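Q: Read top to bottom, the protein sequences are chains A and B. As numbered in the working numbering, the first sequence has no gaps in its residue numbers, which increase by one up to the final residue, 135. As numbered in the working numbering, the second sequence has no gaps in its residue numbers, which increase by one up to the final residue, 1177.
Quick caveat, the hints were computed from the structure, so don't treat them as lab data. The structure presented is a predicted model; accordingly, all values stated were derived computationally and were not measured. Watch out, some of these pointers could steer you wrong.
[To be verified] List time: in silico SDA-like cross-link candidates among lysine to any residue, alpha-carbon distance up to 20 Å: (1) 105(A) <-> 1075(B); (2) 102(A) <-> 1085(B); (3) 105(A) <-> 1050(B); (4) 1096(B) <-> 1070(B); (5) 102(A) <-> 1089(B); (6) 83(A) <-> 1046(B); (7) 1147(B) <-> 82(A); (8) 77(A) <-> 1154(B); (9) 112(A) <-> 67(A); (10) 1067(B) <-> 1123(B); (11) 1096(B) <-> 1162(B); (12) 83(A) <-> 1054(B); (13) 102(A) <-> 34(A); (14) 1096(B) <-> 1120(B); (15) 83(A) <-> 1157(B); (16) 112(A) <-> 1074(B); (17) 83(A) <-> 1049(B); (18) 105(A) <-> 116(A); (19) 77(A) <-> 115(A); (20) 112(A) <-> 80(A); (21) 102(A) <-> 76(A); (22) 83(A) <-> 1072(B).
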Amino acid sequence: MQGRSCFFSLAWMLLFALFLVEAEAAVVEELLNRYQEQGAGPFNAQRGERLYRQPGTGDEGSRCAECHAEDPRKVGKHVRTGKEIAPLSPQVNPERLQDAAKVEKWFLRNCKGSLGRECTPQEKGDFLRYLTTAR
Amino acid sequence: MPYRLGWMGGVAFLFMGWLVFAYSSEHKQGDGKRDVAPVENALYRAECGSCHLAYPPGLLPSRSWEKILSGLEEHFGENAELSGELRVELEDYLRKHGADQSSYRRSQKIAASIPAQQMPLRISETAYFRHEHGEHRLVKIPGSGEKISVSRCEQCHPRAEQGFFDEHKLRISSRNR
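Let's have the full structure, built from the sequences with the hints guiding it.
A: What follows is the structure, encoded as structure tokens:
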């Protein structure tokens, strides 16, 4: 009896985990599809990494990696406020890239902040590739 | 049967007693509303707590919060812009919970200390705040000697988001002037 319920809860947990992995992939897929519809693609992780490390523009622009840590799998620190920022990489932080609107909101803010302009669909797609594959 | 009812009634009575106790001690924890109301809105905590501490709304009057929300594209050198829907929801929360709307005593003092025609955008630039902390924007945490912005309340007031500032176990021992 106990063995059986144990088996069932394990099975449920597995299903749930699968569902979460699916959900994450789904959000990134959805975004990449959207960028493709806007004429971008194919996407390239190395270009995404270059964006992450390129110097900010103007007096106030900071590099992405300055707030988010040189290695996106590590904890970052906001350059202006000093607040810790949880790792950006979905490979170590399952809360990342879970919500398309949130991702777009931060792309808008951070690209304007770093580069003084919005990122193009190509840049955003490259960057998501980088985040989901960087090791 | 009457006996059984009495027994169950006793349990119910005890339970209600416990509820009243839990409720009142919770309110004691709020320091009998002496300090500032805690941040209780999840949207606010998420949207306004991602770059810095989610400042308790009871630290500034509602008119200040409205002005902050209307200038998020240029927010202290950051772009913090929000979609219209989110902004309307936050506006509603902040309008109802500003210092001038609060029943917490410190908030009332803060509200009373700011002249009606003023709309400070920073807590840290109000006369009330400067009276406690001095004028410097960069301050040291004595223990480590690290210099931080005075806007990082939580570094010295560990329970800032819960609205506790009047603590005797502040992380630092001396004033930073």
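Q: Each hint needs a verdict: does it hold in this structure or not?
A: Status of each hint after checking the structure:
1. 105(A) <-> 1075(B): Distance ~15 Å between residue 105(A) and residue 1075(B) Cα, so the pair holds.
2. 102(A) <-> 1085(B): At roughly 14 Å apart (the allowed maximum being 20 Å), residue 1085(B) and residue 102(A) satisfy the hint.
3. 105(A) <-> 1050(B): Holds, at about 12 Å.
4. 1096(B) <-> 1070(B): Between residue 1096(B) and residue 1070(B) the Cα gap is close to 17 Å, so the pair holds against 20 Å.
5. 102(A) <-> 1089(B): holds (16 Å)
6. 83(A) <-> 1046(B): holds (14 Å)
7. 1147(B) <-> 82(A): holds (10 Å)
8. 77(A) <-> 1154(B): holds (15 Å)
9. 112(A) <-> 67(A): holds (14 Å)
10. 1067(B) <-> 1123(B): holds (13 Å)
11. 1096(B) <-> 1162(B): holds (18 Å)
12. 83(A) <-> 1054(B): holds (11 Å)
13. 102(A) <-> 34(A): Holds. Residue 102(A) to residue 34(A) sits at ~15 Å (cutoff 20 Å).
14. 1096(B) <-> 1120(B): holds (18 Å)
15. 83(A) <-> 1157(B): This hinted pair holds, its Cα atoms lying about 15 Å apart.
16. 112(A) <-> 1074(B): Measuring from Cα to Cα gives roughly 11 Å; hence the hint holds.
17. 83(A) <-> 1049(B): holds (10 Å)
18. 105(A) <-> 116(A): With a Cα-Cα distance of about 15 Å, the restraint between residue 105(A) and residue 116(A) holds, given a limit of 20 Å.
19. 77(A) <-> 115(A): holds (19 Å)
20. 112(A) <-> 80(A): holds (15 Å)
21. 102(A) <-> 76(A): Distance ~18 Å between residue 102(A) and residue 76(A) Cα, so the pair holds.
22. 83(A) <-> 1072(B): holds (19 Å)
Consistency note: the structure conflicts with none of the earlier hints.
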